[in-house]
Each structure stands twice: as C-alpha cells, then as structure tokens.
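Note that the protein sequences, when read in sequence, are chains A and B. Using the numbering used here, read the first sequence as starting at 139 and increasing by one per residue. Using the numbering used here, read the second sequence as starting at 139 and increasing by one per residue.
No wet-lab data here; the hints were simulated from the structure. One or more hints might be untrue.
Copies of one chain are not kept apart here, so a pair can be met inside one copy or by any two copies together.
To be verified - List time: in silico DSBU-like cross-link candidates among lysine-lysine, alpha-carbon distance up to 30 Å:
1) 513 to 212
2) 212 to 275
3) 194 to 364
4) 692 to 566
5) 347 to 212
6) 692 to 589
7) 582 to 734
8) 731 to 270
9) 478 to 640
10) 584 to 734
11) 238 to 589
The model shown is predicted, which means the values in this text are computed figures rather than measured ones.
Protein chains: 2
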Amino acid sequence: MPVGKVVVVDTSSSPYAKLKPVPITQVELRDSFWAPRISSLLTDTLPHIYAQLNEKGYLDNFRRLVGKVQTNFKGYPFADEHVYKWLEATAWLLSYRPSKELLERVKEVIELIEAVQEPDGYINTRFYGKPKERYKKLDWSHELYVGGHLIQAAIACRRTNVCERLFNVALKYGKHLIENFGPGRIEIPDGHPEVEMALVELYRETRNKRYIELAEFLIDLRGRGKFNYLPYFVDNKPFKQLDEAPPGAHAVRFLYLVTGATDIYLEKGDRELWDALERLWLDIVRRKMYITGGVGARYAGESIGEAYELPNESAYAETCAAVANVMWNYRMLLATAEAKYADIMELTLYNGALSGISLDGRNFFYTNPLADRGKHRRQPWLHCPCCPPNIARLLASLPGYFYSTSNDGIWIHLYASNNASIYLNNNKVVVSQETMYPWDGYVKIKVKPEKEDVFAIYLRIPGWADQAEILVNGRPLELLPKPSSYVRVEREWRWDDSIELKIGMNIKLVASHPKVIANTGKVAIMRGPLVYCLEQIDNPGIDVWGIGISSESKLEAVYEPNLLKGVVSIVGEGFELTNNEQLYNALNKYVVKARKVLFKAIPYYAWANRDPGPMTVWIPLIDVFKKVRIER
Amino acid sequence: MPVGKVVVVDTSSSPYAKLKPVPITQVELRDSFWAPRISSLLTDTLPHIYAQLNEKGYLDNFRRLVGKVQTNFKGYPFADEHVYKWLEATAWLLSYRPSKELLERVKEVIELIEAVQEPDGYINTRFYGKPKERYKKLDWSHELYVGGHLIQAAIACRRTNVCERLFNVALKYGKHLIENFGPGRIEIPDGHPEVEMALVELYRETRNKRYIELAEFLIDLRGRGKFNYLPYFVDNKPFKQLDEAPPGAHAVRFLYLVTGATDIYLEKGDRELWDALERLWLDIVRRKMYITGGVGARYAGESIGEAYELPNESAYAETCAAVANVMWNYRMLLATAEAKYADIMELTLYNGALSGISLDGRNFFYTNPLADRGKHRRQPWLHCPCCPPNIARLLASLPGYFYSTSNDGIWIHLYASNNASIYLNNNKVVVSQETMYPWDGYVKIKVKPEKEDVFAIYLRIPGWADQAEILVNGRPLELLPKPSSYVRVEREWRWDDSIELKIGMNIKLVASHPKVIANTGKVAIMRGPLVYCLEQIDNPGIDVWGIGISSESKLEAVYEPNLLKGVVSIVGEGFELTNNEQLYNALNKYVVKARKVLFKAIPYYAWANRDPGPMTVWIPLIDVFKKVRIER
C-alpha cells in the first residue's frame with residue numbers, strides 16, 4: 139500500500155489546498171475519548187448496522203436482483219446509500235483495525251454490488267432493469283446521490299486496499315454519468331447533492347478532468363429553475379450568487395452542496411465560488427447554527443430556518459447535517475489553513491455530531507434537539523436510516539482529521555493522545571500527543587524526526603481558549619498565542635523534542651446574540667470544546683426546565699471516571715425557579731421564586747444514555763440583564 | 139321555523155348542561171369588529187372557498203360519480219369534509235344573511251351529495267363503489283370523520299331551514315353507522331375523531347339513543363390498542379384514564395375527541411368522564427397552550443408537545459386546533475357555567491383562531507407561529523384545506539356563542555354591539571349591547587323584557603379584567619366583581635333598564651411560567667382579550683427580533699381607525715438590543731447595548747396582512763429578573 143494514500147479527502151495534489159492530508163493509517167489514537175469509540179465501531183456499531191441492513195431488507199434489495207431472495211424493494215428510493223455508507227465506514231476502519239469477519243462481509247457486499255451494475259454502468263437497485271424510469275424524477279429519486287455514495291465507498295475501498303474491484307464498478311458508473319449528464323445531455327442535477335464531492339474525489343483518484351467538469355456543471359445547474367427555484371433544493375439562485383443559506387433549504391442538501399463546492403474550489407480555485415462559500419459560511423455560523431454546531435431549525439422540510447430562528451425543543455439539527463458540517467469545515471480548513479474553520483469542525487464533532495450516536499454505539503438520533511421533556515431517545519434503527527452509517531464513517535475516518543501538512547510543516551488540528559507518523563519533505567516525523575483532552579487543556583507533544591530538520595509545527599489554539607501557553611523543551615515561548623489561530627513553532631527539530639501546550643480550559647457561560655429569541659435571558663455552559671446540558675437524572679427532585687443560574691454561581695469541573703464512560707461534569711449553585719401554577723401571569727403577579735439548589739451538568743453528547751427525563755442546554759441566567767447597557 | 143332552533147350546540151334538552159343555547163338568528167351583531175367579518179363571509183370567504191372547492195376538484199369528486207365529469211379523485215382521502223364544512227358554514231350564515239346565490243350553490247351541492255349516497259347509507263366519494271375497501275384502514279381513512287362532518291352539515295341545514303333533504307341523507311348514514319359499528323360489529327374508531335360530536339348532535343335532533351351510545355362506544359374504544367396505543371391517535375390509554383394530553387397527540391384529533399366527549403357528558407353526566415375532561419383541560423391550559431389559545435407545539439405529527447414545550451418560531455398551533463379549542467371550551471362552559479372556560483374560549487377566538495384568516499377573508503394560515511422572520515404568509519388555499527372552511531363555520535355561527543340562558547336568567551359571554559332577542563320562561567327579552575369592545579372595556583347593555591319579570595342577568599367578568607364596575611340604571615352595584623366570574627344581577631327587569639359594565643382594560647405585560655423555556659426573560663403585551671405582537675412594517679429600521687422593553691416602559695393604546703381595518707395599536711418605549719455580530723459569546727464578552735427606540739405593537743390576529751417581515755409576540759424584558767426573589 140503506497141504510504142500517504144489512505145486519506146479521507148485527498149488534497150495532496152490539489153492546487154488550491156493550503157493543507158495536505160495525513161493518512162488515517164498514520165495516526166494511531168490511544169486516548170480514552172475517541173479510541174474507545176473507534177473500538178466500539180468494530181465491536182458494536184458496524185456489525186449492528188450490517189445486521190440492520192440485512193434485517194430491514196436493504197441488502198436483499200441487491201440479492202433479489204441476482205435471484206438470491208424473492209422480495210420487494212424495501213425502504214426509501216435511496217436505500218442503497220445505507221449499504222454504501224456502511225461499506226465506506228468499514229473500509230476506513232479496516233485500514234487500521236483489521237477484522238476478518240467484517241472483511242468477509244465487505245467482500246460479500248461488494249460482490250452483490252458488482253452483480254447489479256447494469257451493462258451501461260448504471261447502478262441502483264430501485265431502478266434496476268427499468269431504463270425508462272431512470273433520471274425521470276431527479277428531484278426526488280436520489281439516483282446521483284446514491285451513486286455518489288457508491289463512488290465514495292469504492293474510493294475508500296481502494297485507498298484502504300480493502301478491495302480494488304469495487305473501484306472498477308465506480309469507474310464504469312462514472313463513465314456512465316459522463317455519457318449521460320452534461321451540456322446537451324441531461325441538464326438536471328440530483329435533488330440531493332452528494333455526487334459532487336464524489337466526482338471531485340474520483341477526479342483526484344484518476345485525474346480525469348471530465349469528472350470535475352461534471353461536478354462543476356451540476357453545481358452551476360442550481361438556481362436555473364430545474365427545481366422550480368425552490369429554496370428546499372437550494373435552487374432559488376445560481377450557486378455563486380447565493381448570499382445566504384436559503385431559509386427552507388434542506389439542511390443536509392445545503393451542506394453537502396457547499397461541501398462539494400468546496401472540493402471543486404480546492405481543485406479549480408474559482409474566486410467567485412470561494413466568495414460564495416465564505417458568505418454562506420458566515421451566514422451559517424453567525425445566524426443559523428446551533429451552539430452544538432448543529433444545523434437545521436425546522437422539522438418542516440428538515441430545513442434551515444431564517445436568520446436567528448433557532449428553537450431548542452424543536453431543533454431539527456439532523457445528525458447527517460452535523461456530519462456534513464464537519465466535512466465542510468474540514469475542507470474549508472484545507473483550503474485556507476484558517477483556525478476558524480477548525481473551531482467549527484471541532485465544535486460540531488464533539489457536540490452536534492457525536493450526540494447522534496449512543497455511548498454503546500448501537501443507538502442513534504436522527505434529530506438532535508437542545509431541549510427535551512424526556513421522550514426523545516436514540517433508537518437502534520431509524521425509519522430513514524441515513525444517519526447511523528454517516529456518523530460511523532465520520533468516526534472511522536476521524537484519525538485522518540487530526541493532522542495536515544504544508545510544504546513547511548505539520549499542522550495539528552485536534553488533540554487527543556495519539557502517535558502519528560507523518561511524512562514531510564522526505565522526512566518521517568513521529569508526533570505523539572499525551573493529553574486528557576477534551577477534559578483538560580494540557581497537551582504534551584513529542585516530536586521525533588527521523589532526520590533532524592528545520593520545519594514548522596503549527597499548533598491550533600482553539601477559539602474557546604481563555605489563554606494559552608507553549609513551552610518547547612520546557613522553555614516557554616515568548617509569544618502570546620491568540621485564540622482561534624495556529625501558532626507556528628519553527629526550529630530545527632531533533633529526536634524527542636517536546637512541546638507542551640497549555641490551553642486554559644475554564645468553565646464558560648455563553649450567551650446568544652439578542653436576536654436569537656429562543657435564548658433570551660439564557661446561557662449555555664461550555665468547557666473546552668464541549669457544550670453542557672442539564673439532564674433530569676443528575677438533578678433529582680428538580681425539573682431541569684426550571685433551573686436557573688447566576689453569573690456569580692460557583693461552578694466546578696469534576697472528573698467522574700464512572701459517569702457516562704468518563705466525563706467531566708460541572709457542578710454548580712443554581713436556583714429552582716417557581717411561580718404559581720398558571721402558564722401565563724400578568725407581570726404584576728409574576729414573582730419568580732428562586733430557591734438555591736445544587737445542579738449537575740453533563741456534556742451534551744452524552745445525554746439520553748440513561749433513564750429518560752427532561753434536558754436543556756440553555757439555562758435562564760437570573761441576572762442576565764445586568765449585562766444590558768442602556769444608551770440614552 | 140321554530141324559535142330557538144338555529145343553535146350550534148343544542149343543549150336545550152341536555153340534562154347535564156347548566157346553560158341552554160340562544161339561537162344564532164336571535165343575535166344580530168352590528169359592531170365594527172365581528173359584523174364586518176361576517177359580511178366578509180358572504181362577500182368573500184364562502185364564495186372564495188366554493189370557487190376553490192370547484193377549482194381543486196373536491197366538488198368534481200362528487201360530480202364524477204354521477205357522470206357529470208371525467209376525472210380522478212382529487213385531494214386527501216378526507217376531501218369531502220371541505221365540502222361539508224363549507225356547507226355547514228354557509229347554512230349558519232344563510233340563517234341570518236340571506237343570499238340567493240349562495241343558496242343556489244348549497245342546493246346544487248346537496249343534490250350532488252344525495253346522488254352519491256350508496257343504497258346502504260354509506261357515503262364517501264373516495265370509497266364510493268368499493269365496499270371491500272370500506273373501514274379497512276380506519277386509522278388513516280377518515281371515513282367516520284368525513285361522515286361526522288356530513289351529519290353536522292345536515293343538522294346545520296335542517297336547523298337553519300336551508301334544506302331538510304340533506305338531513306335524510308344524514309339519517310340514512312346514521313342508520314348505516316349503527317348497523318356497522320358497535321359491540322360485535324366493527325370495534326375500531328376512526329383515527330380522526332369528529333363523528334362523536336356529530337352523533338351526539340344527531341341524538342339531540344332525533345332523541346334516538348343509539349346515536350349517543352355509539353358515540354360513547356367510540357370514545358371508550360380508545361386506549362385499547364386499536365391504534366397500537368399510539369399517543370398520536372390518543373390511543374395510549376382508555377379515555378377516562380387519561381391524565382394528560384398525550385405528548386405526540388395530534389392536536390386536532392385530541393381536541394375534537396375531548397369536544398365530543400364533553401358533548402357526551404352534557405347528555406349522560408358520567409362523573410368519570412367529567413373528571414378526565416377536567417384533568418385534560420387543566421393540562422392543556424396550564425402546560426400546553428400558547429398564550430393565543432393555540433394548541434400544538436410540534437410540526438412532527440402536528441402534535442401537542444410535552445408540558446411547557448411551547449416553541450414560538452416553530453409553533454404549529456393549527457387554525458383547526460384553535461377552532462376546536464373554542465368549540466371545546468364552549469361546551470365546558472355549557473356544562474358548568476364557569477367563567478374560566480369562557481376566558482379560554484374568548485382568548486382563542488380573538489387570537490389563535492382569528493389569526494387563521496386574513497383581513498380580506500380570502501387567505502388562510504394553517505399553522506400560527508408566535509414568531510416569524512417574514513416568510514410565513516396566509517395563502518388563498520392550502521394543500522390540506524381543512525382550516526379555511528373550519529374558521530368560516532366558526533365565524534358564521536359566532537352569534538350563537540354570545541348568550542346562553544339558564545332557568546333563572548340570561549348569561550352574557552361575549553361583548554360586542556348587538557341586539558339579541560332571548561326567550562326566557564315564556565318571556566321575550568331584548569338585550570342590546572353598545573360597546574367598542576375589544577378596543578374598550580365599557581359595555582352599555584339595554585334590557586327590554588316584553589313582560590316585566592324577576593330574573594337574573596349574568597355578566598361575564600373576563601379573567602384579564604383589572605377591575606370591573608357595574609351600574610344598573612346609573613347606580614353602581616356595591617359588589618366588587620371578581621375577574622373570571624359571572625356577576626349575577628337579579629332584579630325585576632323593566633323595559634329599557636340599563637346596565638353599564640366598566641371593565642378595566644389596561645395594557646398588560648404577561649410573563650410565562652419559568653419552565654416555558656421558549657419565553658424565559660420575555661413578556662407578551664396584552665390588552666383586553668387581545669395578544670399583541672411586533673411586526674416589522676410598523677417598526678422600520680429596527681429588526682423586531684431585537685427589540686426589548688422594560689417593565690417601566692411607557693405604553694400607550696392608540697385607536698387607529700385606518701390601520702388594519704381599525705385596531706388599537708400599542709406604542710411604547712423600547713430598546714434596540716445589539717451585541718457584536720457573533721451568534722454566541724462568552725458572557726464576559728457579552729454586553730447587550732440597549733438603545734432607546736419607540737415601537738408599535740398590533741393585535742396578533744392582524745399580523746401578516748401587509749408587507750412581509752419579522753414578527754414576534756414575546757419580547758425580551760430587560761429588567762425581568764428584577765422579579766426574581768431569591769430565597770436563602
């Protein structure tokens with residue numbers, strides 16, 4: 139296997155990528171936060187998903203076409219994607235966690251896939267043998283969306299050396315796409331973007347320009363009335379003219395679209411495209427994103443709301459949208475090497491995405507509300523099961539998100555105990571981290587270059603950092619690291635040099651922009667990259683929807699190794715807020731009584747793993763309006 | 139026409155009704171608030187709905203079955219109900235606002251209905267001629283729901299003397315229901331309650347006990363696994379054991395069910411049933427109702443949320459649910475003569491229900507959010523058009539909601555200028571009101587009994603009243619009327635006696651129970667029965683989602699005859715709240731700047747009748763937490 143090949147997003151030859159990938163296989167996580175999750179992929183999540191694919195008939199959708207079973211097509215028209223995403227996730231995982239059992243299943247599935255490809259390259263079990271139905275309803279058929287996932291699974295299988303054969307299927311399918319879509323051919327994109335990312339990766343894999351040209355073509359088709367200018371499909375305006383994430387846009391469609399567009403930018407460097415991406419990013423991050431990194435305010439159309447429309451109880455914040463937000467910000471980071479993108483990537487990873495999967499790795503959220511009365515529970519499987527294999531492929535490829543390289547050095551994006559072997563200008567540099575991150579901001583990094591050499595190490599200082607200090611071989615650097623930046627430490631690195639990074643990780647109360655009317659008068663608790671929530675089970679006898687805090691409340695971080703597989707909980711002085719029983723009272727009859735209580739908050743990602751009960755992220759701050767400065 | 143017959147809910151012989159109805163035809167509204175709405179029913183709403191029924195094919199669903207058109211069935215399986223509800227609304231209206239044109243259409247429609255009734259009494263254009271499909275999918279087929287609306291339309295046509303013939307259709311259908319449903323026959327209710335109300339009314343009309351027995355049977359079937367114990371269908375528990383409106387219950391289904399159950403109580407007086415109704419009422423009013431009287435927090439399943447789950451931007455609060463809330467509380471009032479039910483009836487009528495229809499009477503909301511960024515607009519027709527004819531039938535029958543009688547007197551529930559002729563113990567009493575209500579709390583009532591007699595007049599003192607004073611023939615009564623009560627004024631009434639009711643109608647700031655996390659730190663503005671909102675168009679240059687007020691803000695009520703067909707607007711000192719551009723800030727970087735501005739608020743029902751823009755009911759109160767009393 140060629141070194142440097144098992145990468146999630148292969149920008150190694152992308153002219154507009156500031157950062158190049160470090161292979162998944164070169165980063166060995168051995169921390170207590172992520173490594174157990176990855177082990178659980180092997181023992182729980184991926185076998186569990188496979189069993190569900192079997193049980194729910196998604197694999198039978200393939201088997202029936204080769205006469206192995208007699209049954210009807212099962213599931214949504216895009217049911218094949220569940221299989222492809224499971225395959226992609228499994229391939230990434232197998233590249234560093236071998237499993238004979240999983241590999242056998244992979245091979246079985248790949249044989250099925252091969253068998254159902256039609257002679258002209260088309261592949262889709264829903265439309266198999268119905269050439270007249272193909273591409274007739276591209277708004278809802280998800281044909282290219284499913285095909286995109288096939289391509290991504292095939293590339294993962296190829297890069298990981300799990301199986302080259304599937305790549306031939308993808309190539310044949312890619313050829314079919316080129317023959318059928320483009321100017322003068324079919325000029326309608328898929329209602330659900332995804333294939334754009336896949337086509338760029340296929341271009342990276344083959345250097346066949348027709349793939350990236352097709353991706354560009356599909357992006358440029360939007361906003362030309364193909365879908366009646368509907369914001370749902372992000373068809374309301376040509377992509378490069380978009381000045382906001384259209385309210386009503388399906389969140390996952392929108393985020394897959396911008397992610398694919400960012401992939402195109404990485405190859406082509408189109409300034410107009412970039413300007414649009416930056417505008418859209420600012421619009422999401424400043425107006426339409428939950429504090430968890432979740433995106434999608436509305437159940438109606440699974441869609442993004444208007445600016446500042448961010449209800450908590452009814453937040454949609456689909457797990458797939460959070461996964462997409464991680465993927466998008468990762469690509470924006472690769473394009474720019476700017477820390478603000480890494481901040482959102484990390485925030486979403488630890489909160490809005492990770493909440494999508496249970497601690498046991500076998501239960502999943504589709505929507506991720508920020509407040510609940512106790513009925514929202516993860517399920518072993520979902521009616522629309524796009525999320526389980528999506529969070530699985532993100533976690534399986536996670537080691538690939540930790541590091542990048544540039545010509546002059548090594549970039550560290552994420553922190554967790556790990557050993558990485560990174561190739562930099564014909565030098566092999568072993569970088570290892572020792573840290574309790576995200577529970578603690580102290581990170582000890584060892585640098586072991588095979589050859590002594592001058593290069594830079596870029597250390598990410600998270601946006602949430604209160605302060606940071608860097609010591610090299612025990613001596614503090616004089617610079618004052620700025621939050622949300624990469625600190626460049628250049629020197630001649632020698633075997634066993636050490637860097638100590640001390641990131642101030644205080645408990646923070648965070649308030650929303652005044653226009654976020656769902657959060658008026660409330661704060662969220664954060665510590666490091668983690669958003670906290672109050673869950674009923676930790677606060678017996680007090681309804682957590684009636685707990686307030688004060689900006690002077692004492693808050694304490696407590697590491698609890700036996701709670702929720704080990705978390706830092708936050709214990710603090712709060713107030714049980716009560717009034718009379720009436721739902722609405724005239725203000726002159728409204729005196730909230732605040733009785734002092736102790737409360738405990740836990741990381742948001744870990745909620746709903748114990749007995750059900752109310753939960754809330756945003757907590758009334760009983761003195762919040764002390765913060766109002768009236769200008770006269 | 140027998141006097142006293144044109145009544146909406148005929149409790150005149152109901153043994154457990156404290157109050158008896160006053161016919162619609164006996165109450166002539168001549169106020170500036172409701173009377174123009176009713177005129178608009180005649181000139182706009184009902185012709186407009188008829189045109190839509192025609193255009194969208196709902197009438198063709200009937201015509202096709204008698205060979206008049208060739209087309210497929212159009213719309214939802216329950217499409218017939220749109221026709222029946224239009225018919226019911228039109229019948230009520232025709233009883234006091236004759237229109238040759240509308241009457242002709244009514245007759246045409248009734249002929250169509252007659253023609254599609256099957257020999258055994260079954261009637262439903264979706265299932266016509268398909269006896270094997272009947273009652274096979276009662277969870278979703280809406281067959282009894284549609285049938286219930288047929289019965290109600292037929293009763294309205296009969297009571298109003300518009301057409302007796304349709305009543306024969308209803309009788310034949312009723313017979314069919316009795317033959318097919320009941321112990322040992324079909325033992326499944328309709329997934330969508332409605333027929334229960336209709337069956338009780340059919341019992342009232344015929345005194346045939348089998349109808350009310352069937353209604354009871356259908357109520358008692360719930361919670362017996364007919365619908366897999368799903369809360370959506372209110373099937374989670376036997377009705378009489380329900381202790382809350384089940385979270386996840388479809389709001390309209392739930393409210394129609396309790397309304398039908400209240401109808402049964404009015405006839406049978408079952409204590410267990412009443413206890414359940416009271417529990418459910420308290421649960422809705424104290425935990426699950428919007429300040430507008432709207433019910434239904436969730437888009438998912440159009441459903442009721444958990445206790446205190448009342449998001450504003452994504453409030454569902456379907457117009458039909460508000461109409462049902464009016465109908466339910468009216469029946470609870472008839473059962474008890476307790477003012478608390480009249481309070482909710484009035485609140486919902488003026489706010490959550492009335493917002494469902496535009497000022498021009500030709501545009502409709504399906505959902506009624508309490509905050510919006512400017513995209514939520516009423517539509518001339520709705521994909522699921524259950525709401526337009528529902529609000530129409532409520533408005534057309536509204537005169538029937540103003541008065542009731544008991545053995546000892548006349549009850550006044552609602553205030554608006556009107557003349558009513560009320561029969562009380564063989565005496566005819568003309569009661570007239572002169573008032574600017576809801577804009578002003580002064581109501582002058584003239585009482586003109588044909589014969590001088592001792593009886594009581596019960597005056598409703600609304601729950602929102604700050605204080606109230608009553609003068610009889612210019613002399614103040616000594617009693618101090620309590621808000622949310624009926625004041626009994628008994629005397630020998632003589633021709634032209636007068637009552638003056640002075641209800642204090644101040645501008646009120648209203649706060650929510652602390653557990654309503656959507657409304658933390660916020661207040662709503664109310665005046666009289668009306669909930670106010672900030673709409674962008676009245677507040678140029680300031681995003682209304684960023685306006686705060688103080689409890690010391692001066693607020694002034696201004697009658698504006700040319701605004702929104704005449705409203706009292708509220709003008710006040712507010713604050714434009716700003717921070718930096720970030721969506722989330724650590725509290726130590728969070729200083730909200732509050733710049734003094736003037737704002738204008740308008741009644742909630744009238745929003746979205748001008749240029750689109752953001753709107754909000756709940757407004758940050760910048761000193762709200764001064765109201766917190768910390769107990770140490």
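Quick rundown of the hints versus the structure:
no., hint, verdict
1, 513 to 212, "within (28 Å within a copy, 37 Å between copies)"
2, 212 to 275, "both (19 Å within a copy, 22 Å between copies)"
3, 194 to 364, "between (34 Å within a copy, 25 Å between copies)"
4, 692 to 566, "neither (48 Å within a copy, 72 Å between copies)"
5, 347 to 212, "neither (36 Å within a copy, 49 Å between copies)"
6, 692 to 589, "neither (50 Å within a copy, 75 Å between copies)"
7, 582 to 734, "neither (40 Å within a copy, 51 Å between copies)"
8, 731 to 270, "neither (68 Å within a copy, 62 Å between copies)"
9, 478 to 640, "within (19 Å within a copy, 62 Å between copies)"
10, 584 to 734, "neither (47 Å within a copy, 56 Å between copies)"
11, 238 to 589, "neither (37 Å within a copy, 99 Å between copies)"
Comparing the model with each numbered hint stated earlier shows that hints 4, 5, 6, 7, 8, 10, 11 do not hold.
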